[in-house]
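Kindly produce the complete structure, drawing on both the sequences and the hints.
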Amino acid sequence: MSSIAYKSEAPATVRPAVAYELSSRGAQWCDYAACGADAKYRATPAALLPASAWVDAFRALRDQHGFDFLVDHSAVDYPDRSPRFTVVALVESTATHERLLLKARVAEGEAFPSLAGLYRSADWAERETYDMFGIPFAGHPDLTRIYMPQDYEGWPLRKDFPMEGHLRFRD
Amino acid sequence: MADASTTDLVSATGSSEGGFLLSTLQSMVNWCRKNSVWPLPLGLSCCGIEFMATAASRYDMSRFGMEVARFSPRQADLMLVAGTLTYKMAQVMTRLYDQMSEPKWVIAMGACASSGGMFRSYPVVQGIDEFVPVDFYIPGCPPRPDAVLNCLIQLQKKIERDRSYRLEVEAPADAPIARGGLVRVEGRGEMAAPALAQSDQRWVEGTRPKAGVERPPTPVRER
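From first to last, the protein sequence lines are chains A and B.
For reference, each letter of the first sequence is one residue, going 1 to 171 in this note's numbering.
For reference, each letter of the second sequence is one residue, going 1 to 223 in this note's numbering.
Think of the hints as simulated: they come from the structure by calculation, not from any bench.
Do not rely on the hints blindly, as some may be mistaken.
[To be verified] 16 Å max Cα-Cα, derived EDC-like pairs, lysine to aspartate or glutamate:
{"no.": "1", "chain 1": "A", "residue 1": "Lys103", "chain 2": "A", "residue 2": "Asp56"}
{"no.": "2", "chain 1": "A", "residue 1": "Lys7", "chain 2": "A", "residue 2": "Asp31"}
{"no.": "3", "chain 1": "B", "residue 1": "Lys88", "chain 2": "A", "residue 2": "Glu153"}
{"no.": "4", "chain 1": "A", "residue 1": "Lys103", "chain 2": "A", "residue 2": "Asp31"}
{"no.": "5", "chain 1": "A", "residue 1": "Lys103", "chain 2": "A", "residue 2": "Asp72"}
{"no.": "6", "chain 1": "A", "residue 1": "Lys103", "chain 2": "A", "residue 2": "Glu92"}
{"no.": "7", "chain 1": "A", "residue 1": "Lys159", "chain 2": "A", "residue 2": "Asp77"}
{"no.": "8", "chain 1": "B", "residue 1": "Lys88", "chain 2": "A", "residue 2": "Glu128"}
{"no.": "9", "chain 1": "B", "residue 1": "Lys88", "chain 2": "A", "residue 2": "Asp151"}
[Unchecked claim] Part of the chain B face toward chain A, derived, beta carbon under 8 Å:
{"no.": "10", "residue": "Lys88"}
{"no.": "11", "residue": "Gln91"}
{"no.": "12", "residue": "Arg95"}
{"no.": "13", "residue": "Ser121"}
{"no.": "14", "residue": "Pro123"}
{"no.": "15", "residue": "Tyr137"}
[Claimed, not checked] What follows is a set of in silico ranges between Cβ atoms, one per label pair, in the way DEER data are often shown:
{"no.": "16", "chain 1": "B", "residue 1": "Arg120", "chain 2": "A", "residue 2": "Glu153", "range": "14 to 24 Å"}
{"no.": "17", "chain 1": "B", "residue 1": "Gln91", "chain 2": "A", "residue 2": "Pro79", "range": "43 to 53 Å"}
{"no.": "18", "chain 1": "A", "residue 1": "Tyr78", "chain 2": "B", "residue 2": "Arg120", "range": "48 to 58 Å"}
{"no.": "19", "chain 1": "B", "residue 1": "Glu67", "chain 2": "A", "residue 2": "Gln150", "range": "32 to 42 Å"}
{"no.": "20", "chain 1": "A", "residue 1": "Ala5", "chain 2": "B", "residue 2": "Ala56", "range": "54 to 64 Å"}
{"no.": "21", "chain 1": "A", "residue 1": "Cys35", "chain 2": "B", "residue 2": "Asn150", "range": "51 to 61 Å"}
{"no.": "22", "chain 1": "B", "residue 1": "Met52", "chain 2": "A", "residue 2": "Glu9", "range": "52 to 62 Å"}
{"no.": "23", "chain 1": "B", "residue 1": "Cys141", "chain 2": "A", "residue 2": "Lys40", "range": "27 to 37 Å"}
{"no.": "24", "chain 1": "B", "residue 1": "Arg120", "chain 2": "A", "residue 2": "Ala33", "range": "38 to 48 Å"}
{"no.": "25", "chain 1": "A", "residue 1": "Gly139", "chain 2": "B", "residue 2": "Trp38", "range": "47 to 57 Å"}
{"no.": "26", "chain 1": "B", "residue 1": "Asn150", "chain 2": "A", "residue 2": "Gln150", "range": "33 to 43 Å"}
{"no.": "27", "chain 1": "A", "residue 1": "Glu153", "chain 2": "B", "residue 2": "Arg95", "range": "13 to 23 Å"}
Backbone N, C-alpha and C fix where the C-beta goes; we use that ideal spot for every residue, glycine too.
See below:
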């Protein structure tokens, strides 16, 4: 599996104003063609942002470019990479139905800025990301586990977590 | 009154009017209990649908006096765990079990409740008996309503066998059971020790293990 290639110019499907907005904040755009991704995965333009520009970029997208709906927010664990995690967020404009996939990288144990102040849907989504990956979101109003019991140990969706969990076997 | 459990109910007058019945308190209580088992259904996944079918008119659980599904643990006798139990839900289940009044019984319905089923995965409890004592396990994924009915009938038989009202006599240290020989039991004749041991394992009121009691920590195995 080849890793995703990045380029500095945005795909043609992105509105120039949006492309400029993100590129000026240091976004690198995913070059789907270069990494041989299937055409059906190329529909959503994706960009890698510096973590420091994360909240400001989303605020600009929401307030100036109409991306008013945070569809999804999650993370991916790449244990071989440094920084280890890639946080992924998908926003949509409910007026034009454009979608944008934004990513940023974060190291293990490092705080990551929360979008809960911008999108209501980020609240639970970030709690899920925290629950599954142990990424602490700075500025989140209630960063507690959402699926697992509060006293659960470990972060289940990390690659080094045993898939069966910490099973309790009876003798 | 042709029921097997009530054969020791004797009508002293031979008439149905104004008579009285001679029996033991134990068999009267058991007879009442087994015909009014009110379930607390925990429909956690697809087994819950099969339980609904069991309760509905085609299979008709009410033939056994069990149609009164209670969603309050304080009014229920039987906790029927139908479905996949997660560790988060296990806290709720344990609390419900603790709130039920004695006597109470637990049925693990289906593969998930019995053993975790196909979910050998981090959030799923690998069998509800990690948390509560289970009387019956129903195999199947999900079990057919017939299997549930069969289990409920087995539960009635178990309730019939209950001897919680009998007097307990402490056995001497050199009781024959310890030697494994034949044991003479008043009113029952001679019986082999293992059978007696088995009959003695039936719980006596108040001695049943309760959930929430401190237990030694279960070993955690990294895999």
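Here's how the hints hold up against the structure:
1. A:Lys103 / A:Asp56: holds, 14 Å
2. A:Lys7 / A:Asp31: holds, 6 Å
3. B:Lys88 / A:Glu153: holds, 13 Å
4. A:Lys103 / A:Asp31: holds, 14 Å
5. A:Lys103 / A:Asp72: holds, 12 Å
6. A:Lys103 / A:Glu92: holds, 15 Å
7. A:Lys159 / A:Asp77: holds, 7 Å
8. B:Lys88 / A:Glu128: Holds: Lys88 (chain B) and Glu128 (chain A) sit about 15 Å apart, inside 16 Å.
9. B:Lys88 / A:Asp151: holds, 10 Å
10. Lys88: holds, 5 Å
11. Gln91: Holds, because the Cβ-Cβ distance from Gln91 (chain B) to chain A comes to roughly 7 Å (cut-off 8 Å).
12. Arg95: Given a least distance of 13 Å, the restraint on Arg95 (chain B) is violated.
13. Ser121: Holds: closest Cβ of chain A sits about 6 Å from Ser121 (chain B), inside 8 Å.
14. Pro123: holds, 6 Å
15. Tyr137: Because about 14 Å separates Tyr137 (chain B) from the closest Cβ in chain A, which is outside the 8 Å limit, the hint is violated.
16. B:Arg120 / A:Glu153: 14 to 24 Å: holds, 19 Å
17. B:Gln91 / A:Pro79: 43 to 53 Å: violated, 32 Å
18. A:Tyr78 / B:Arg120: 48 to 58 Å: violated, 26 Å
19. B:Glu67 / A:Gln150: 32 to 42 Å: holds, 38 Å
20. A:Ala5 / B:Ala56: 54 to 64 Å: Given range 54 to 64 Å: holds, Cβ gap about 59 Å.
21. A:Cys35 / B:Asn150: 51 to 61 Å: holds, 58 Å
22. B:Met52 / A:Glu9: 52 to 62 Å: holds, 59 Å
23. B:Cys141 / A:Lys40: 27 to 37 Å: Between Cys141 (chain B) and Lys40 (chain A), where Cβ atoms are some 35 Å apart, the hint holds.
24. B:Arg120 / A:Ala33: 38 to 48 Å: Check passed, 40 Å falls within 38 to 48 Å.
25. A:Gly139 / B:Trp38: 47 to 57 Å: Because 50 Å falls inside the window, the suggested range holds.
26. B:Asn150 / A:Gln150: 33 to 43 Å: Given a distance of about 40 Å, which is inside 33 to 43 Å, the answer is holds.
27. A:Glu153 / B:Arg95: 13 to 23 Å: holds, 22 Å
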